[in-house]
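In the order they appear, the protein sequences are chains D and R. Residues 1 to 396 in this note's numbering are what the first sequence spells out, letter by letter. Residues 1 to 396 in this note's numbering are what the second sequence spells out, letter by letter.
Some hints here could point you the wrong way.
Stated by the list, open to error - Restricting the straight-line Cα-Cα distance to at most 27 angstroms, the calculated cross-link-like pairs of lysine-lysine (BS3-like) are:
(1) R:K4 - R:K52
(2) R:K4 - R:K135
(3) R:K201 - D:K4
(4) R:K4 - D:K4
(5) R:K163 - R:K192
(6) R:K300 - R:K350
(7) R:K24 - R:K380
(8) R:K380 - D:K4
(9) D:K52 - R:K52
(10) D:K300 - D:K52
(11) D:K165 - D:K201
(12) R:K165 - D:K135
(13) R:K4 - D:K165
(14) R:K380 - R:K300
(15) D:K201 - D:K4
(16) D:K318 - D:K387
(17) D:K4 - D:K52
(18) D:K201 - R:K350
(19) R:K300 - R:K336
(20) D:K192 - D:K318
(21) D:K4 - R:K165
(22) D:K380 - D:K336
(23) R:K350 - R:K24
(24) R:K380 - R:K350
Simulated from the structure, these hints should not be mistaken for laboratory data.
2 protein chains.
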Amino acid sequence: MISKQMQTQVQNSSVIRAMFEEGKRLSAIYGEENVYDFSLGNPSVDPPGEVKTAIFDILNNEGKGSVHGYMNNSGHETVRDAIAHSINARFNTSFSQNNIIMTVGAAGGLNVILKTLLDPQDEVIVFAPFFGEYKNYVSNYNGNLIVIPADTASFQPNLELFKDKITARTKAVIINSPNNPTGVIYSEATIKYLAEILNHKQNEFGTNIYIISDEPYRELAYDNIEVPYLTHYYENTIIGYSFSKSLSLPGERIGYLVIPDQVADGEDIIAAANIATRILGYVNAPSLFQLVIARCLDAKVDIEAYNRNRELLYNGLKSYGYDCIKPEGAFYLFVKAPNNDDVAFCNLAKQENILVVPGSAFGCAGYFRIAYCVSYETIKNSLPGFKALIEEVNIK
Amino acid sequence: MISKQMQTQVQNSSVIRAMFEEGKRLSAIYGEENVYDFSLGNPSVDPPGEVKTAIFDILNNEGKGSVHGYMNNSGHETVRDAIAHSINARFNTSFSQNNIIMTVGAAGGLNVILKTLLDPQDEVIVFAPFFGEYKNYVSNYNGNLIVIPADTASFQPNLELFKDKITARTKAVIINSPNNPTGVIYSEATIKYLAEILNHKQNEFGTNIYIISDEPYRELAYDNIEVPYLTHYYENTIIGYSFSKSLSLPGERIGYLVIPDQVADGEDIIAAANIATRILGYVNAPSLFQLVIARCLDAKVDIEAYNRNRELLYNGLKSYGYDCIKPEGAFYLFVKAPNNDDVAFCNLAKQENILVVPGSAFGCAGYFRIAYCVSYETIKNSLPGFKALIEEVNIK
Chain D
1 MISKQMQTQV QNSSVIRAMF EEGKRLSAIY GEENVYDFSL GNPSVDPPGE
51 VKTAIFDILN NEGKGSVHGY MNNSGHETVR DAIAHSINAR FNTSFSQNNI
101 IMTVGAAGGL NVILKTLLDP QDEVIVFAPF FGEYKNYVSN YNGNLIVIPA
151 DTASFQPNLE LFKDKITART KAVIINSPNN PTGVIYSEAT IKYLAEILNH
201 KQNEFGTNIY IISDEPYREL AYDNIEVPYL THYYENTIIG YSFSKSLSLP
251 GERIGYLVIP DQVADGEDII AAANIATRIL GYVNAPSLFQ LVIARCLDAK
301 VDIEAYNRNR ELLYNGLKSY GYDCIKPEGA FYLFVKAPNN DDVAFCNLAK
351 QENILVVPGS AFGCAGYFRI AYCVSYETIK NSLPGFKALI EEVNIK
Chain R
1 MISKQMQTQV QNSSVIRAMF EEGKRLSAIY GEENVYDFSL GNPSVDPPGE
51 VKTAIFDILN NEGKGSVHGY MNNSGHETVR DAIAHSINAR FNTSFSQNNI
101 IMTVGAAGGL NVILKTLLDP QDEVIVFAPF FGEYKNYVSN YNGNLIVIPA
151 DTASFQPNLE LFKDKITART KAVIINSPNN PTGVIYSEAT IKYLAEILNH
201 KQNEFGTNIY IISDEPYREL AYDNIEVPYL THYYENTIIG YSFSKSLSLP
251 GERIGYLVIP DQVADGEDII AAANIATRIL GYVNAPSLFQ LVIARCLDAK
301 VDIEAYNRNR ELLYNGLKSY GYDCIKPEGA FYLFVKAPNN DDVAFCNLAK
351 QENILVVPGS AFGCAGYFRI AYCVSYETIK NSLPGFKALI EEVNIK
């Protein structure tokens with residue numbers, strides 16, 4: 001009696017559920033410390049101390065009604081003002097609180113903007129490999145997801161293939177940099193070319209095509225690499241941000257959308273996104289954590305911990321003969337399955353108590369994703385297993 | 001370029017937006033204390049002290065990762081277990097944590113269960129007057145809302161009209177008791193007859209029809225009136241609960257669904273609701289406040305403050321000649337517009353700096369809603385205005 005759409009969802013989710021159950025089964029047999037669970041993007045680094053300080057300060061010094069009560073569906077004005085100022089200072093933009101809508105994480109923000117923009121059958125383009133949930137978010141509003149196959153040489157978006165897939169029904173393009181699952185940062189040259197193509201196609205079709213830039217990993221960039229701020233390169237850019245990774249608060253569901261005045265029909269989009277926040281049942285982003293993040297806009301998690309993990313894991317895997325690109329950001333490594341079959345390899349890895357996710361889940365078969373937001377010890381102790389796995393595959 | 005559905009939403013919302021702007025305009029002229037804003041159901045009573053104590057205790061004594069990190073999409077197991085035990089003890093039920101899904105308030109829970117159940121064109125029945133957002137929630141999943149006209153004598157659901165509106169496409173009935181906007185509590189006799197009708201119709205059509213019981217006001221019942229626990233009366237009952245009013249935490253977005261094992265296809269519904277929580281972009285209910293409410297299940301707000309407001313307002317309005325039923329719960333009074341035109345009367349009320357909401361917004365024209373979750377002073381000072389309004393109408 002559940003809906004047909006949800007019947008399909010329940011069937012498909014059984015793979016991930018099976019992995020979750022397998023992890024619990026292995027932990028029960030071998031002990032949790034001997035199972036190397038690289039399946040989830042759950043930050044291993046603690047939130048910065050400023051978070052706790054902010055909570056105590058707010059509860060001790062602000063009126064209870066304003067801390068826990070309703071506010072404008074778009075969020076507390078003071079918080080949105082603080083965010084706008086912070087972005088302006090960092091990226092040389094000129095946003096006001098009117099351009100900021102507080103959201104229930106990046107996932108909530110993406111749903112709000114897709115609800116706002118999509119008519120049924122509108123097309124949304126993504127570049128493989130991509131975060132698998134985009135497919136569900138687009139499907140929630142009866143849109144069609146168009147997947148551009150990966151350029152596996154660089155894992156930059158494949159813009160030559162992209163050109164031919166844009167149609168009069170293309171409403172949006174979702175990009176995600178630093179990228180889940182590859183850790184690649186889209187270069188400025190990529191962004192410029194992407195914008196050039198979109199401007200050309202907007203003229204050709206007489207339409208507006210929005211870039212939705214999903215940026216939960218913006219602050220997780222290594223080696224001082226710059227992550228371009230998209231609104232400078234393409235007018236019709238909307239940004240979705242989350243504090244899940246930047247402040248290690250994924251369970252608290254707090255993020256925001258930036259809808260610049262410069263986007264086509266910006267005023268309507270801002271008004272509609274406010275209403276979409278309400279009618280999708282979010283109503284508003286959680287109140288206390290809105291106030292918290294406004295006090296923590298300059299706080300940072302210990303990204304060096306992720307960087308140490310990255311170096312250890314990448315160098316280890318390369319030395320065993322694995323084929324992968326060194327990630328520039330986020331906390332994922334996207335590795336070629338040595339047997340060329342990602343699902344089979346992920347199953348094989350369970351022999352070594354290693355849990356990783358098949359690239360098929362990201363629209364890119366033949367690869368697997370390692371989420372290295374785990375302890376340094378976990379990575380160190382897993383390396384012999386990775387070595388054994390590639391040796392076993394190579395013998396066959 | 002926003003979607004057609006959202007274009008309609010933006011147009012329709014302008015009425016409420018206009019009221020909001022009017023409130024700000026009046027406050028600027030007359031001072032905030034001289035504007036009587038009865039338009040919003042934002043609790044005026046502070047959260048109980050246990051909330052702050054719980055937050056401090058959790059932050060001081062629990063590991064940061066488990067406080068702010070991801071958990072199962074359905075919520076923390078310990079929290080769901082505590083809730084199940086609390087319900088079982090209070091209502092003599094036998095739920096386990098498997099029957100509980102933590103949600104982003106009641107609004108999030110309703111969206112999750114409607115996403116889970118509805119195929120396009122499925123029918124969902126509501127009884128006027130009803131919380132206007134139900135229409136949007138059902139529309140989100142392309143369902144059809146069927147409205148049963150009000151029984152204005154009692155404001156109990158009109159079950160005789162209801163019988164004839166149930167079809168083979170009826171998937172769910174949403175009820176809300178204590179009711180927004182009337183404050184009426186649906187009697188045990190009502191519930192029993194409702195269940196009898198539904199059981200009969202399920203047999204007739206060979207279908208399952210779910211009651212979705214929206215219960216944010218369960219704890220706000222006056223004079224020790226019992227609010228029947230629906231799962232005892234009808235097998236296919238799903239309950240949506242929120243702590244927004246019971247603990248005065250509306251901005252924190254925390255609630256839960258109860259999906260009993262006894263409901264038809266219960267196992268599928270539980271699995272699908274877990275996934276719907278994820279793919280609708282909620283991902284999970286806010287983590288810290290899950291932990292907080294588990295420590296506050298026996299805490300209560302000062303309901304006596306609302307009761308004092310109720311008595312003052314009800315007795316005042318009756319003495320001036322207004323026609324209304326005394327509310328048994330929630331913090332709303334639903335009053336007959338003395339000129340029989342709710343929109344005109346609400347506009348007239350602005351002359352007295354009184355902001356109230358037309359019954360049309362709840363599918364019941366000719367009445368208006370007063371949200372008396374304001375200070376006692378606000379009610380006292382507004383009474384001369386209400387008196388002047390009915391005198392003005394009666395002179396005409």
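The hints, checked one at a time:
1. R:K4 - R:K52: violated (44 angstroms)
2. R:K4 - R:K135: holds (16 angstroms)
3. R:K201 - D:K4: holds (23 angstroms)
4. R:K4 - D:K4: Satisfied, since the Cα-Cα distance of roughly 25 angstroms is no more than 27 angstroms.
5. R:K163 - R:K192: holds (14 angstroms)
6. R:K300 - R:K350: Distance ~34 angstroms between K300 of chain R and K350 of chain R Cα, so the pair is violated.
7. R:K24 - R:K380: The hint holds at about 21 angstroms.
8. R:K380 - D:K4: Violated: K380 of chain R and K4 of chain D sit about 54 angstroms apart, past 27 angstroms.
9. D:K52 - R:K52: Since the Cα atoms of K52 of chain D and K52 of chain R sit roughly 13 angstroms apart, the hinted pair holds (cutoff 27 angstroms).
10. D:K300 - D:K52: holds (13 angstroms)
11. D:K165 - D:K201: holds (11 angstroms)
12. R:K165 - D:K135: violated (37 angstroms)
13. R:K4 - D:K165: holds (24 angstroms)
14. R:K380 - R:K300: At roughly 25 angstroms apart (the allowed maximum being 27 angstroms), K300 of chain R and K380 of chain R satisfy the hint.
15. D:K201 - D:K4: Distance of about 36 angstroms is beyond 27 angstroms: violated.
16. D:K318 - D:K387: holds (10 angstroms)
17. D:K4 - D:K52: Not OK: K4 of chain D and K52 of chain D at ~44 angstroms, beyond 27 angstroms, violated.
18. D:K201 - R:K350: violated (51 angstroms)
19. R:K300 - R:K336: Measuring from Cα to Cα gives roughly 32 angstroms; hence the hint is violated.
20. D:K192 - D:K318: The given pair, whose Cα atoms are some 32 angstroms apart, is violated under the 27 angstroms limit.
21. D:K4 - R:K165: holds (24 angstroms)
22. D:K380 - D:K336: holds (20 angstroms)
23. R:K350 - R:K24: The hint holds at about 12 angstroms.
24. R:K380 - R:K350: Holds, at about 17 angstroms.
In this structure, the hints that do not hold are numbers 1, 6, 8, 12, 15, 17, 18, 19, 20, in rising order.
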